[in-house]
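S.K.: Starting from the known structure of chain E, arrange chains G and L on it as the hints suggest.
Residue numbers (UniProt numbering), protein chains in the order written: chain E, 1 to 348; chain G, 1 to 348; chain L, 1 to 348.
Do not take every clue at face value.
[Claimed, not checked] Chain E is faced by these chain L residues, among others (derived, beta-carbon under 10 Å):
(1) Thr121
(2) Ser138
(3) Ile234
(4) Gln235
(5) Gly237
(6) Val270
(7) Ala288
(8) Arg318
(9) Leu322
(10) Gln331
(11) Leu336
Quick caveat, the hints were computed from the structure, so don't treat them as lab data.
Glycine included, C-beta positions come from ideal geometry on N, C-alpha and C.
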Amino acid sequence: MEINLTELAARVGASLRGDGDVLVSRVAQLNQAAEGTLSFLGDAKYRARLAETRASAVILSEADADQCPVPVLVSKNPYLTFAEAARILHPPAPVVGGVHPSAAVDPSARIDPTAWVGPLTVVEADAVIGAGVFVGPSCVIGQGVRIGEDSRLVARVTLCAGTQVGRRALLHPGAVIGREGFGFARDGERWVRIPQIGRAVLGDDVEIGANTCVDRGAIGDTVLGDGVKLDNHIQIGHNVEIGDNTAMAANTGISGSTRIGRNCTIAGAVGMAGHLEIADNVHFTGMAMVTKSFLEPGVYSSGIPAMPSGAWRRNVARFRQLDELARRLKQLETSLEIMNQAQGREES
Amino acid sequence: MEINLTELAARVGASLRGDGDVLVSRVAQLNQAAEGTLSFLGDAKYRARLAETRASAVILSEADADQCPVPVLVSKNPYLTFAEAARILHPPAPVVGGVHPSAAVDPSARIDPTAWVGPLTVVEADAVIGAGVFVGPSCVIGQGVRIGEDSRLVARVTLCAGTQVGRRALLHPGAVIGREGFGFARDGERWVRIPQIGRAVLGDDVEIGANTCVDRGAIGDTVLGDGVKLDNHIQIGHNVEIGDNTAMAANTGISGSTRIGRNCTIAGAVGMAGHLEIADNVHFTGMAMVTKSFLEPGVYSSGIPAMPSGAWRRNVARFRQLDELARRLKQLETSLEIMNQAQGREES
Amino acid sequence: MEINLTELAARVGASLRGDGDVLVSRVAQLNQAAEGTLSFLGDAKYRARLAETRASAVILSEADADQCPVPVLVSKNPYLTFAEAARILHPPAPVVGGVHPSAAVDPSARIDPTAWVGPLTVVEADAVIGAGVFVGPSCVIGQGVRIGEDSRLVARVTLCAGTQVGRRALLHPGAVIGREGFGFARDGERWVRIPQIGRAVLGDDVEIGANTCVDRGAIGDTVLGDGVKLDNHIQIGHNVEIGDNTAMAANTGISGSTRIGRNCTIAGAVGMAGHLEIADNVHFTGMAMVTKSFLEPGVYSSGIPAMPSGAWRRNVARFRQLDELARRLKQLETSLEIMNQAQGREES
Numbered sequence: 001m002e003i004n005l006t007e008l009a010a011r012v013g014a015s016l017r018g019d020g021d022v023l024v025s026r027v028a029q030l031n032q033a034a035e036g037t038l039s040f041l042g043d044a045k046y047r048a049r050l051a052e053t054r055a056s057a058v059i060l061s062e063a064d065a066d067q068c069p070v071p072v073l074v075s076k077n078p079y080l081t082f083a084e085a086a087r088i089l090h091p092p093a094p095v096v097g098g099v100h101p102s103a104a105v106d107p108s109a110r111i112d113p114t115a116w117v118g119p120l121t122v123v124e125a126d127a128v129i130g131a132g133v134f135v136g137p138s139c140v141i142g143q144g145v146r147i148g149e150d151s152r153l154v155a156r157v158t159l160c161a162g163t164q165v166g167r168r169a170l171l172h173p174g175a176v177i178g179r180e181g182f183g184f185a186r187d188g189e190r191w192v193r194i195p196q197i198g199r200a201v202l203g204d205d206v207e208i209g210a211n212t213c214v215d216r217g218a219i220g221d222t223v224l225g226d227g228v229k230l231d232n233h234i235q236i237g238h239n240v241e242i243g244d245n246t247a248m249a250a251n252t253g254i255s256g257s258t259r260i261g262r263n264c265t266i267a268g269a270v271g272m273a274g275h276l277e278i279a280d281n282v283h284f285t286g287m288a289m290v291t292k293s294f295l296e297p298g299v300y301s302s303g304i305p306a307m308p309s310g311a312w313r314r315n316v317a318r319f320r321q322l323d324e325l326a327r328r329l330k331q332l333e334t335s336l337e338i339m340n341q342a343q344g345r346e347e348s
Numbered sequence: 001m002e003i004n005l006t007e008l009a010a011r012v013g014a015s016l017r018g019d020g021d022v023l024v025s026r027v028a029q030l031n032q033a034a035e036g037t038l039s040f041l042g043d044a045k046y047r048a049r050l051a052e053t054r055a056s057a058v059i060l061s062e063a064d065a066d067q068c069p070v071p072v073l074v075s076k077n078p079y080l081t082f083a084e085a086a087r088i089l090h091p092p093a094p095v096v097g098g099v100h101p102s103a104a105v106d107p108s109a110r111i112d113p114t115a116w117v118g119p120l121t122v123v124e125a126d127a128v129i130g131a132g133v134f135v136g137p138s139c140v141i142g143q144g145v146r147i148g149e150d151s152r153l154v155a156r157v158t159l160c161a162g163t164q165v166g167r168r169a170l171l172h173p174g175a176v177i178g179r180e181g182f183g184f185a186r187d188g189e190r191w192v193r194i195p196q197i198g199r200a201v202l203g204d205d206v207e208i209g210a211n212t213c214v215d216r217g218a219i220g221d222t223v224l225g226d227g228v229k230l231d232n233h234i235q236i237g238h239n240v241e242i243g244d245n246t247a248m249a250a251n252t253g254i255s256g257s258t259r260i261g262r263n264c265t266i267a268g269a270v271g272m273a274g275h276l277e278i279a280d281n282v283h284f285t286g287m288a289m290v291t292k293s294f295l296e297p298g299v300y301s302s303g304i305p306a307m308p309s310g311a312w313r314r315n316v317a318r319f320r321q322l323d324e325l326a327r328r329l330k331q332l333e334t335s336l337e338i339m340n341q342a343q344g345r346e347e348s
Numbered sequence: 001m002e003i004n005l006t007e008l009a010a011r012v013g014a015s016l017r018g019d020g021d022v023l024v025s026r027v028a029q030l031n032q033a034a035e036g037t038l039s040f041l042g043d044a045k046y047r048a049r050l051a052e053t054r055a056s057a058v059i060l061s062e063a064d065a066d067q068c069p070v071p072v073l074v075s076k077n078p079y080l081t082f083a084e085a086a087r088i089l090h091p092p093a094p095v096v097g098g099v100h101p102s103a104a105v106d107p108s109a110r111i112d113p114t115a116w117v118g119p120l121t122v123v124e125a126d127a128v129i130g131a132g133v134f135v136g137p138s139c140v141i142g143q144g145v146r147i148g149e150d151s152r153l154v155a156r157v158t159l160c161a162g163t164q165v166g167r168r169a170l171l172h173p174g175a176v177i178g179r180e181g182f183g184f185a186r187d188g189e190r191w192v193r194i195p196q197i198g199r200a201v202l203g204d205d206v207e208i209g210a211n212t213c214v215d216r217g218a219i220g221d222t223v224l225g226d227g228v229k230l231d232n233h234i235q236i237g238h239n240v241e242i243g244d245n246t247a248m249a250a251n252t253g254i255s256g257s258t259r260i261g262r263n264c265t266i267a268g269a270v271g272m273a274g275h276l277e278i279a280d281n282v283h284f285t286g287m288a289m290v291t292k293s294f295l296e297p298g299v300y301s302s303g304i305p306a307m308p309s310g311a312w313r314r315n316v317a318r319f320r321q322l323d324e325l326a327r328r329l330k331q332l333e334t335s336l337e338i339m340n341q342a343q344g345r346e347e348s
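Next comes chain E alone, as it looks inside the complex (with noise of 0.2 Å):
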C-alpha cells in the first residue's frame, strides 16, 4: 500500500507541510525509519531523533512541527494520527468469501457468501456466520453460536456452543468462549457440578487475547459491552459484566458475578474477588489484588515491589509481626504521655 502525503493528511485529518507528493508505504520508529516510511513523534523526550530521521514523513504536534526536516503532518494527537495512518498503509487483508475444503460445517450451519472459513475449522449445527467474517484455521464454532458482521477469528478460536460475537470482533488463537464456569455445590466432601446454561455475549468492537478465557453465565449471561479490550492470558468468570470500552493487560483474572463499568483499565495481572461492583473509570495498577468492591473513580493498587531479596526477607519478617509493633507504638505513646503529665505535676 503506496500513498502520497497528500491523500494521506486528507484521510487522517493532519495538516500536510512540506511536499505532499512524497509517497510512503510503511511505518517505522523514528531512529529505524528509511525511505519511504511514515515515522511519528509521540513523546517529547525522543525530539532529538527528528533532525536525523530518515523518514519520508514524520507525524507530530503543532509545537516539533519546525525541527523536522523532512515533511509532516502535524496533528493534536500524533499517536491517534499514527494509528489511523498505520492502518491505512497496512490494511488487513481483504476477506475473501468461501469454505476452505478441508473444513467441517454442518448443514444446518448458515454461513454468508461473504464470510471466509478457514482450513480445518469445525462449524456445528446451527451456527450462524456474518457477513464478512473471517474464521481463520483450526477453529471450532459450537452449536448456535453467532458471529456478527466483519469479525476476525485469526486462528484456532474456540467458541462453545450458544455463545454470542457482535460485529468487528478480534479474537486471537487460542481463546474459548462461553465455557460452562466453574460452579458446584457441595455433598460431604463430593463436588456436585452445577448446569451452565447462559451464554456468553460479546458487544461490537470486542477484542479477545490468545488464550483468554471468558466462561458462559451459570443461570443468565456473561456479557462484554462494544469495545471492550481483552489481553492475553484472561480469566472472566461466569456471569461477569463488564462496561463498553473498557481495557485489560495480560494475566488478570476476573471470578464470577463482579460487574466492572465502562472506560476502566485493568493493568496486568490484576486479580478480582467475585460478586463486587466496580464504578466507571476505574483503574488497577499492575498485579492489583481487588477483594471489595470500589464505586468511586480513581487510581487503586496494591503489592510490594521487587526490593534485593535480603532486605524483602527482613522486612517481611516484619510485616508478620505489624499488629504487635503498632501496639508497642501505641503502648510507648501511652507510657509517654503519662510520663508528661507526671513531669507537668512536678513541674507545676
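M.R.: Coordinates of chains G and L only, in the frame set by chain E:
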C-alpha cells in the same frame, strides 16, 4: 426436559408443598424467573424476592417455606438440591457412538463403539477410549492415552502421550495434559533438558478447566486424585500430587513435586513453590503466596488488598523501611525504659 | 534403548567403578529403582537411600562413590551427567519425513523432505519448514513462517504469520507465537487498534511451554535469544527482548518493550511492567512484582508469604496505616528527644 414437581421432588429427595402436577422445564434466578422455571433461595438475604417471584416452583429450606407464594421443594441443603434438579432439567446431550469421518484415527487405537470421536480430532496409536466417552471436535489424543468411561472432552483438548484419564472426567477446551515438564540441568550457561518419562494420571470425576495445563512427571507420575476440580488457566507442575476432592480456582500455579492433601480449596491466582507439603483441609485465599509447607488444616492468606494509589505509594515506601522502623521502635522502648528507671531513682 | 555401563560412561564422560557389562535401559529414582534402571544421587540428604537401592547403577560424585553397593558412574556434576544419560536412554522418537494426508498444506509452502507434518495440521502459504523438523498434530503454521532444522512442535502449536523459529526449538501444545500485540491509541472513549507489523523471532534451542504466548512486535521485532526457556502460561508482550539462556517459570508475564538480559532466572508468576531494563544475571523469586529497571546482577524478591488468615487480616489493617505509624514513631522520637533535653537541663 419437562418434569412435574412430584417426580422432581422424589428424584432429588426433597419434600414437596403445593401442586405436584405443576411442570418445570428449566432453572432461573428468583428475580428473573418465568412460568415453567424452577428457582431456589440459597441465601436468606434474597428472601424478599420470594414474594414477587414468577417461578413455577422454588427450592428452599424449611425456614423459608411459609413465605413462598408458589409451590416449594423443601431441602436441608437447597443449593445442593438445586444443583441436582438443574442436572435433571439440563442434562448433557446423550453420547451417540461413532467416529466423525473427518477425524484422523490411528488404526491401532481402540475406541469403544459407544464412544464418540468428533470432527477433526486426532487419535494416535494405541490410545484406548472407553464406553460412553465424548471426544469433541479438534482434540488430540496422544499415543497410548487411556480415557475412562463416560468422560467428556468438550473440544480442543490435548492429551499428550501416555496420559491416563479416569471415569466421568470433564475436560474443557485448551487443556493440555501430560506435557513434558520444565526440567533442566545446567551445563555452564547452557540448559540441558531432562527427559520427562513419567505420566499425568487423573482419577475419576476430575475436571480440568479451559487452557489449564497438567505436566507429566519427570520420573514417576503427576497424580490428581478422584474428584479434583481445576478451573481455567491453572498450571500443575511435574510430579505434583493432589488429593481427592481438592478444588482450585483460576490462574493458580503449583510448582513441581508439591503434594497437596484432600479436600483443600485453593482460590484464584495462588502460587505455590515446589517440593512443599500441604495437609488435608487447608484453604488458601486468593493470590496467596505459598513458600513453605502447611501441615495443619486451616485458612491461610497473603497479599495486600488494593487501596488508592497515593496511599499505597506512601505505605509501600514505609514497607521498604519496615525493618529499620522496627529497630527504631525497639530503641525507643529501651530509651523510655532507661528514662523510667532514672525517674524512678530520682523519685526514690 | 539398552546400553552397557562401559559405553554409557564413555558417552557421558563419567568414570565407571564396577561391572561394565551391566545393562541399563531406563532411569528411576533411587528409592523406586529396579533391575535395569540407572539412578542418581544429586543431593547429599538422600545418601542414606544408596544402601538399599535396587538400581543397576547410580551416578554420583566422588565423595559418595564408596557408599554405593552397586556399580557407579562418578561425575563432578551428577545431575548434569544424569540428564545426559537420560537423554541417551530415552531419546525422542526419530523423525520420519512426510506429510500426513489429513494435513492442509498450501502448495507454496516449502517442507524439507526429512521433516514431518502431522495429521490435521495447517501449513499456510510460503511457510518454510527445515530439515528434520517435527510438526505434530493440529498445528497452525502461518504464512511466511520459518522453522529451523530439528525443531519439534509437539502438537497444536500456533505460529502466526511471519514468525521465525530457530534450530532445535521445542514448542509445546497451545503455544501461540506471533500474535498481534495489545496496542491501541485512544480516540475519546474508543480504542483504535495500532497494526502490529513486527515479528516474533526465536533463536536456536528455544523452548516454549504449553499455552505460552509470545506477541509479535508492534514496529520492530519481539526477540528471544538462543537457549531461552519458557515454561507454561507465560505472556511475552510486543517488542520484549530476552537474552540468551534466560529461563522463566510458569504464569509469568512480561509487558511490552521490556528488555531482559542473558542468564537471568525468573521464577513463577512474576509480573514485569513495560519498558524496563533488566541486566544480565538477574534473578527474581516467585511472584515478584517488577515495576522498575534492575541494572545490577542479584536476587530480587517481593510479596507477602501466606500466614494464618486472622494474623494476615490484622497485619494488613496495619499496613494501611503504615505511613501514619511511621509518622507517629518519628513524633515519639522527637518528643523523647525534647524530654531528654529538658531532663538534661533540669539535671544541670
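S.K.: Look at each hint and say if it fits the structure.
M.R.: Evaluation of the provided hints:
{"no.": "1", "hint": "Thr121", "verdict": "8 Å, holds"}
{"no.": "2", "hint": "Ser138", "verdict": "7 Å, holds"}
{"no.": "3", "hint": "Ile234", "verdict": "8 Å, holds"}
{"no.": "4", "hint": "Gln235", "verdict": "4 Å, holds"}
{"no.": "5", "hint": "Gly237", "verdict": "7 Å, holds"}
{"no.": "6", "hint": "Val270", "verdict": "8 Å, holds"}
{"no.": "7", "hint": "Ala288", "verdict": "4 Å, holds"}
{"no.": "8", "hint": "Arg318", "verdict": "4 Å, holds"}
{"no.": "9", "hint": "Leu322", "verdict": "8 Å, holds"}
{"no.": "10", "hint": "Gln331", "verdict": "8 Å, holds"}
{"no.": "11", "hint": "Leu336", "verdict": "7 Å, holds"}
When the structure is compared with the earlier hints, no violation turns up for any of them.
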